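Residue numbers (the numbering used here), protein chains in the order written: chain A, 1 to 332; chain B, 1001 to 1434; chain C, 2001 to 2295.
Don't read these hints as lab results, they were simulated from the structure.
Check each hint, because a few of them may be wrong.
To be verified - Where chain A lies over chain C, by a calculated footprint (3+ residues, C-beta under 8 Å):
(1) 2061–2070
(2) 2242–2255
(3) 2281–2291
As the list claims (entries may be wrong) - In silico DSS-like links for lysine-lysine, alpha-carbon gap of 25 Å or less:
(4) C:2175 with B:1278
(5) C:2175 with C:2163
(6) A:166 with B:1033
(7) A:166 with B:1362
(8) B:1156 with A:166
No experiment lies behind these values; they were computed from the predicted model shown.
Just so it is clear, CB atoms sit at the ideal spot from N, CA and C, and this is done for glycine as well.
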Amino acid sequence: MEKLKDAFDFSDFSRSERIGFIIFTIFLFIFPWLGVSSFAKTVMIQFMLFSLFGMGWNTIGGYGGQVELGKAQYVGIGAYTVALMMVWWKVPFWISMPIGVLIALGYSFIIGYPLFRLKGHYFAIATICTSLVLKDIFDNWALVGAAKGIELPIHDHPDFLYMQFKSDTYYYYFIMALFYIAIFYMNWFRKSKLGYQLRMIKDDEDAAESLGIDIRWCKIKAYSIASAFVAVGGGFMAVYNLYIDPASVMELSLSIKIALMAMLGGAASMWGPIIGAAFLVPLDRFLGSWLGGHKGLTGIDYMIYAMLIMIVSAYQPRGIWGIIEDLRKRGK
Amino acid sequence: MRKTRFIIFFVFILFISLMFTHGNVYAQQNEIKIGVLYPLSGALATIGRDLQRAAELTADMINNKSPGVDLPMASWGGIPNLGGAKIKLIFVDHRGEPDRGADLAKRLILDDKVVGLMGAYNSAVTKTVSAVAERYGVPMINDSSTSPDLTERGFKWFWRTTPHDNFFNKDLFELLKGLTEGKVKGVKAIPKAQLKNLAYACENTEWGSGVAKSLEAYAKEYGFNITKGILYNANSPDLTSEAKALMSVNPDAMLFASYLSDSLLMIRTLKSMKAKTKILWGQNAGFEMADFAKTLGADINGVLTRTVFIDKITRVKKVAGQINALYKQKYGDDLTGATARSVVGVQTWAYVLNKAGSTDPKAIQKACNELHIPAKELVMPWAGIKFDSKGQNILGRGLIGQYQLKSDGKISLEIVYPFELATANFIYPFPGWK
Amino acid sequence: MLIIDALLQGLLIGLLFALVALGLTIIFGVMDIVNFAHGEFLMLGMYAVYWTNYFLNIDPLLALPVSAALGVILGLASYYLLISYLLRGPAIAQLFGTFGLMLFLQYLAMFLFSADYRMIERGFLVGKSISFGPFVFEATKLAAGVLSLISFAVVYYFLYKTKLGKALQATAINKEAATYMGIKTEKMNAIAWAIGGGTVGIAGGLLVNFYYAYPMVGILFVMIAFACVALGGFGSVKGVFFAGLLIGVLEMIFPVFGHLVGSDFLGPHFKFTVVYLAYFIIVVVRPQGLFGWKN
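Construct the entire structure; sequences and hints are all you get.
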């Protein structure tokens, strides 16, 4: 119970952050009723989905300081579990999604054990490699649809069990619920024993080891938590898009996008992944619809996007949240 | 300091206000909006650009009378049964990403309030886009995705004008059968034993692996023997091992399903390995693109490609020639299989709208199911357009073309199948590399 | 027979993989940065040779200096304009800084040259092949193999026999000690980037002889280069050479193996999966790579 209280305790944040958080919550709640375009709604859904991914990544990549670039494989595991169970056995989303998370957890322990023998760049490249191997297998495995992917059956009527709705508003509130669960979980996590241990490992592995922390085990635990988060998001992607294929849920670019958003927003901070997603997702989608190929300007939107990434990582390695904190400090 | 804060605040406000921008608020009354999803950037940007051009050209032809074209719709100046309303195509760029396609489809349907959708070229994107269309009950006419699965899903709001891959694979075996029966122009009957062994190499995404499966099935049906079948990754830095694997069984015919990049690499590799075979056939995509012939030049003398449109059709079909001339005059290229399908897609939309006489989805659905466009009004060499209960056009058919080196040193694509449309003598066997 | 053939072909392509990865490992050795944009340097090198060949009608092999020069300029420009700022941050910020550069160069190329696939059409060796008994080799690949061997020899000589190269090595092994000895780290970094860019520019120039150029071509090769560098041991020139060969051979042998076993499942579509898997297994057993000295 004590622990649960920790999750809802935001008292160590500054006043302005707390007020900002409340305003943001209200804003999210009423957003679908503000008469916004439905495209904006899809953008918001993407934003919350990627915040969820980013917060998951933040446990191992941010607090743990490990350059992890293979999260897409867990998106894939989550998505494929939901899709396959629905297609094969008509299992409702609410059962298949937790199973997907369990599979992701199990797989992450199996992969994580050898993986965390590695450090630094060896580790980063190895995470990419494991993800690519899994994608290649799914790409050629006829049983799971191979590269063809899997289409989920469309239900004629809205169906809560299978998470099938016509309007995006339902999906919006569903992903919003997941988003807030993730926020509360992260709020608890950063104050948990594992959270402190991870930060210690990040600062100085030798010192952490001399304090009797089992470094490898800590990292594996954080890695598994991250994988579970990501698998939840993957399950959501399956019911939301109604179609998945290895190229869209297991691609290297997805792994990079997840880590990029968290990093750019500010790794190892509570709000970093959310800010990163809030910045990059709308930028990507809106720039695309303004300056995309249909105007004959192929590439300009991505060039702007890339420039911003370069500027932020060169100017303030702690990301946008780092910039905001700097401003606050100087403002005082 | 104030200033920076102000800028951050300003950017934030800008973002928020973006959320509220609706698509096109100033839509005119007598405009019918059709949302068109194509891959306009990313790896397929070039083909996407051509598709967009062809679609725009066709819409233009319908909206403004084009006296040079002998089609009823060229004299419409808008959709007659809808009070001369103009067709307005809204293009969006899905970049080949299925989830982006789905989001854009929602934008088109809910924000732009389009009457229907068209696109999306990539079969994977067509899947998610058509799922959105199905959910919202918005008609979608697919002009260019050839995955057979698309019309096997029992969708009520999805129609496809182009023949799909199974049609094309069947064409190939009809051609092979024709060769053994002496039906092919300029070639005497060849004993089947000399053509029995086939080998294929298909790229391993959804399209290629589907083609591979269907090739196996048809080979069995027509009594041919597949001695080697490989799937390979189109994004491979090297195809030597694939080429070697094909050559190791000395097949009578090599069959490919390749995109442009890997088709170029495959042919180059085969050439340098001095591969010997009697027939080289490519299942569209890479093999039919203009760049394929441009890059490989004389090397492809004798290579076969399946397609749906070859500019030689203009000799047999007057309409095709006229539209091709318009396109060429404006953009400098001939129509290709892909762009001609885009023309037909917009044309079908115009006919459907005219037949429905309303923009009500139910009326459009009914019009689609009852539609019949006669052969003479199409640029394609099809028997027409008529959808079956699954939404597939049953009157479409493919062509097989052969690249032939002409005496002026230029490579030209000649029709060799269907036999009655043949424009040149078939070169058999494959003459070998230059 | 098939196996020997595959082995030779694998060694040939492996030489090129190694050359692509060489610059990556030098840069990494000197300043601990993994450069995501490396593949884009390769891509621009390819375009450089392609356009020289296209407009000036110079043989692609003679146009190599152009791509090498472009590579050096690119390396220096990105070092002074971006990397020197990135160095202040943690590894992950550096990684994404170079990732941003990668995206930027990709889409710049797309904007300038469009997404068309471009392949050299005219050239002394293009499309020719040479046979040694039963073995047939593409002439362009053979030339690429020989030239990358030469490039390797030159770089090796430079690193281990010249004063500047030794200073570079010293910086790689211990930055602080090197600074005490009066070696300017800043200058060394710039040199590493110049060599890195130059070698990969040459690799691009060689590659375009038998591979097509398009804006996204880099990512294909950079993944293999990453595996090469990590497999050989970050920062090890010898390591990257043998890792490149190993990967080339693995990639060629595996489909032959599948063919001999008669399994369609173990076909060429898994050839790079095997490479990644091999990397994973080798590195787990030996966490510093084959020839690595750093962790």
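Do the hints match the structure? See the list:
1. 2061–2070: The restraint on the region 2061–2070 of chain C is violated, since only 0 of its residues have a Cβ under 8 Å from chain A and three are required.
2. 2242–2255: violated (count 0)
3. 2281–2291: Coverage by chain A holds for the region 2281–2291 of chain C (5 residues, Cβ < 8 Å).
4. C:2175 with B:1278: Cα-Cα ~63 Å, so violated.
5. C:2175 with C:2163: Roughly 16 Å separates the two Cα atoms, so the pair holds.
6. A:166 with B:1033: This hinted pair holds, its Cα atoms lying about 22 Å apart.
7. A:166 with B:1362: 18 Å, holds
8. B:1156 with A:166: 16 Å, holds
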